[in-house]
Amino acid sequence: MIASEATRISAGEATAPREMVLRFEQVSIRLGGREILTPTTLEVARGEFICVIGPSGCGKTTLLRAAAGFVAPSAGAVLRGGQRVSGPSREVAFVFQDYGRALLPWRTVHGNVALALEAAGVPSGQRGPRIDAVLATVGLTQHAHKFPAQLSGGMQQRVQIARCLAQQPELLMMDEPFGALDAMTRESLQDELARLVTDRGLTVLFVTHDLEEALYLGDRVVALRANPGPQRPSLARVIDVGIARPRNQLASKEDPEFLRLRRELYGYLGPAHG
Amino acid sequence: MKRLDAGEAAAAAGLLAAIVALWWLASHQQWVSKVFLPTPEAAWASLIDGLAGGDLGGFTLATVGRMLVGWLCASVLGIALGALIGSSAAARAWLLPTLEFIRPLPASALLPLAIALFGLSPVMVLAVVSFGAMWPVLLNTVHGFATVHPRLGEVARGLQIPPGAFAVKFGLPNALPDILAGMRLALTVALIVTVVGEMIASQAGLGHAILLAARSFRAADLFAGVLLLGLIGLVSNSLLAAAEHRLLRWQRP
Amino acid sequence: MVELAPPHARHAVIPRWVARLRPWAVPALLLVVLEWYARTIASQSDAIAPPSAALLAFARAASDGSLATATAFTLRAAALGLVVGALLAVPLGLLLGLSRRAAASSFLTVELLRPIPSVALIPIAMLVFGFGLRMELAIVAFATFWPLLVLTQSAVRQLEPQLLEVAAALQLSPRKRTLSIVLPAIMPRLFVALRQGVAIALVVSVTVEIGANPNGMGYALMLSQQSLDPAGILAWLAWIGVLGFAINALALRLQRALARRMGESAP
Numbered sequence: 001m002i003a004s005e006a007t008r009i010s011a012g013e014a015t016a017p018r019e020m021v022l023r024f025e026q027v028s029i030r031l032g033g034r035e036i037l038t039p040t041t042l043e044v045a046r047g048e049f050i051c052v053i054g055p056s057g058c059g060k061t062t063l064l065r066a067a068a069g070f071v072a073p074s075a076g077a078v079l080r081g082g083q084r085v086s087g088p089s090r091e092v093a094f095v096f097q098d099y100g101r102a103l104l105p106w107r108t109v110h111g112n113v114a115l116a117l118e119a120a121g122v123p124s125g126q127r128g129p130r131i132d133a134v135l136a137t138v139g140l141t142q143h144a145h146k147f148p149a150q151l152s153g154g155m156q157q158r159v160q161i162a163r164c165l166a167q168q169p170e171l172l173m174m175d176e177p178f179g180a181l182d183a184m185t186r187e188s189l190q191d192e193l194a195r196l197v198t199d200r201g202l203t204v205l206f207v208t209h210d211l212e213e214a215l216y217l218g219d220r221v222v223a224l225r226a227n228p229g230p231q232r233p234s235l236a237r238v239i240d241v242g243i244a245r246p247r248n249q250l251a252s253k254e255d256p257e258f259l260r261l262r263r264e265l266y267g268y269l270g271p272a273h274g
Numbered sequence: 275m276k277r278l279d280a281g282e283a284a285a286a287a288g289l290l291a292a293i294v295a296l297w298w299l300a301s302h303q304q305w306v307s308k309v310f311l312p313t314p315e316a317a318w319a320s321l322i323d324g325l326a327g328g329d330l331g332g333f334t335l336a337t338v339g340r341m342l343v344g345w346l347c348a349s350v351l352g353i354a355l356g357a358l359i360g361s362s363a364a365a366r367a368w369l370l371p372t373l374e375f376i377r378p379l380p381a382s383a384l385l386p387l388a389i390a391l392f393g394l395s396p397v398m399v400l401a402v403v404s405f406g407a408m409w410p411v412l413l414n415t416v417h418g419f420a421t422v423h424p425r426l427g428e429v430a431r432g433l434q435i436p437p438g439a440f441a442v443k444f445g446l447p448n449a450l451p452d453i454l455a456g457m458r459l460a461l462t463v464a465l466i467v468t469v470v471g472e473m474i475a476s477q478a479g480l481g482h483a484i485l486l487a488a489r490s491f492r493a494a495d496l497f498a499g500v501l502l503l504g505l506i507g508l509v510s511n512s513l514l515a516a517a518e519h520r521l522l523r524w525q526r527p
Numbered sequence: 528m529v530e531l532a533p534p535h536a537r538h539a540v541i542p543r544w545v546a547r548l549r550p551w552a553v554p555a556l557l558l559v560v561l562e563w564y565a566r567t568i569a570s571q572s573d574a575i576a577p578p579s580a581a582l583l584a585f586a587r588a589a590s591d592g593s594l595a596t597a598t599a600f601t602l603r604a605a606a607l608g609l610v611v612g613a614l615l616a617v618p619l620g621l622l623l624g625l626s627r628r629a630a631a632s633s634f635l636t637v638e639l640l641r642p643i644p645s646v647a648l649i650p651i652a653m654l655v656f657g658f659g660l661r662m663e664l665a666i667v668a669f670a671t672f673w674p675l676l677v678l679t680q681s682a683v684r685q686l687e688p689q690l691l692e693v694a695a696a697l698q699l700s701p702r703k704r705t706l707s708i709v710l711p712a713i714m715p716r717l718f719v720a721l722r723q724g725v726a727i728a729l730v731v732s733v734t735v736e737i738g739a740n741p742n743g744m745g746y747a748l749m750l751s752q753q754s755l756d757p758a759g760i761l762a763w764l765a766w767i768g769v770l771g772f773a774i775n776a777l778a779l780r781l782q783r784a785l786a787r788r789m790g791e792s793a794p
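Residue numbers (the working numbering), protein chains in the order written: chain A, 1 to 274; chain B, 275 to 527; chain C, 528 to 794.
What the hints contain is simulated information worked out from the structure, not anything from laboratory work. Bear in mind the structure is a predicted one, so any value in this text is a computation, not a measurement. There could be a bad hint or two in this list.
[As the list claims (entries may be wrong)] Footprint (simulated), chain C over chain B, 3 or more residues, beta carbon under 8 Å:
1) 282 to 292
2) 323 to 336
3) 388 to 394
4) 481 to 487
5) 507 to 516
[Unchecked claim] Covered by chain B, per the in silico footprint, the following chain A stretches (three or more residues, Cβ under 8 Å):
6) 50 to 58
7) 86 to 93
8) 110 to 121
9) 141 to 151
Beta carbons are placed, not taken as given, at the ideal position from N, Cα and C, and that holds for glycine.
Can you make the complete structure from the sequences, with help from the hints?
Pasting the structure below:
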């Protein structure tokens, strides 16, 4: 067990002040005439794995996109490393839900990952080893010369993750990345993700509609409300997930704390809750 | 293209042979006058003699050369302009209606204007071939660049890829199927305009040769020339289709 | 189809009247520039004429009947040629689509004859028919025959297999099966093919007239050049362009309306 993992057991027990890598300061977002997100304040520490849940329309994807710089807040500011986020940056990698549409169909797996390095201006001589390394991390070494259309959904999503890792980002944004996959693929990808996030010390913002997934993966879970109003802000609950790491698909999900949190947050997934 | 089995291949060859046989009968039995319909042997002989010792080889090269040069110019221009216009929503909004208006215009209709401008010269034919063949390539390129999926656009933004690199890495490959289809159409247009141009401008080539053959009632030479033109169409199209097949491997996993 | 400009575009909202007039902006600008250029720098040219002169030439042709005669000839040749081409291609296409043996046998012949450029047949048609309507009609028929054949055949091949199974289950005669099931089912795709045929027919007609046939709009265009009448060149060129655009647009509307009525969305 790596030493750093011991410190992630409960954020509430941290003794040293942690570096805030991402901060939402009273961020509200209007889209299409509707206020999707009421003024929301949230801080994300370095190395944290934050899961965002909520019913459809609650703005969780919008929150993620604002963090990545794809959407500008109507009020308030998103700060990364103390600087205001004004647009997308290579420091923030984004994993889209529709992996099929996020990969270049005319490039092989190798070529798709290479895109990140090309964009970063890495000299072509240095690209090969780095691509191989990242493909090894996601277990796609044998498939390096296949085209996306030849791969299963889970493998395509891994290619996208590999490309994001190749960016060597500070932050990893993930928008329901495993939503379109079958249960078994989802579970193995969850474990792979947890492992590589820990290995690299990545900070992750993970949107999902699956409560169990959120509790399984996250250090903290943020629950958002749909149709927020003056008395009911978008941010409904933030809870710490005090379940030991490394987590296990069977054991962790039978942990009493897991079950308790699950019961507590269950209501926040429904369309109308307090 | 599915593979034919032996039986089907035999039937295909059989049908072709039957048609040639019918041709042979019709010409020898004078069902159609020899003025219009030469015998197969006469047409074949004219073809061989013309290619071996006569001018047919030179004419063919001239026609093919004109067609290819015009087509290449048209493709390069069409892709370059199409990429520029297709990459800009504003350019598309202002220019597409005008471009779409020109699409149905027969390229050959520009020959009279070109004659007025350049006279009866090789340059004139080449100019019209290039201009006429450019439109399918240009329009298809615009479409290909314009239809890059929004998600890919976001991927590019996330990686902070500048517009030039975006056009090359995203726009061009995305447009390639459309561009190749446009280039195939352009090849057909190029051949047609080359032939018509040769006919009306009396430029040495197959178009002019078959016109002269018709006027002198040399049916065998006429048919030989027409067969060669068909062959040019067949070969050029097949080559381009093969290239398309190779370049678009990723579409057929 | 989802459209997108590359990442750096701003999406501005424009007023309705701008959107309405925008398609005409570039043509209007080009006409103005041409008018100025033709009247100044190219005023002695045999090739360039100002649009205003072209308009006059057009009005003259309209009033003395030559416009109507030429247009009618071209349209008639194109229409008749398309009808002949379709009447030959559609039944043959149905046959080739329904019978795999027929399709396999004919494949070689079709692929060898199809690439012959229709204009290459001009001298042959000249020999057989002389000049006039029949010569042009024959070439248009040849030109439209092949695409219509291929498209009809592929439309039949793309039929839902269940439809043919229904025909077999009901023990329909081949004639009844074709008329009652196959033909109605392929109608939408047939309309698309016919629309493309219209475009081809028009282009081929004009091309034949430019190349050889002393009749119709293409010939009028050639005549203008030979008489060193640049206004006439521009007038006929513009008229051919406008007519072609209008007919194609009309054919597209018709195709879409008919497809909608038959309950299928056509490309």
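Status of the hints after comparison with the structure:
no.: 1; hint: 282 to 292; result: holds (count 7)
no.: 2; hint: 323 to 336; result: violated (count 0)
no.: 3; hint: 388 to 394; result: holds (count 3)
no.: 4; hint: 481 to 487; result: holds (count 4)
no.: 5; hint: 507 to 516; result: holds (count 3)
no.: 6; hint: 50 to 58; result: violated (count 0)
no.: 7; hint: 86 to 93; result: holds (count 6)
no.: 8; hint: 110 to 121; result: holds (count 5)
no.: 9; hint: 141 to 151; result: holds (count 4)
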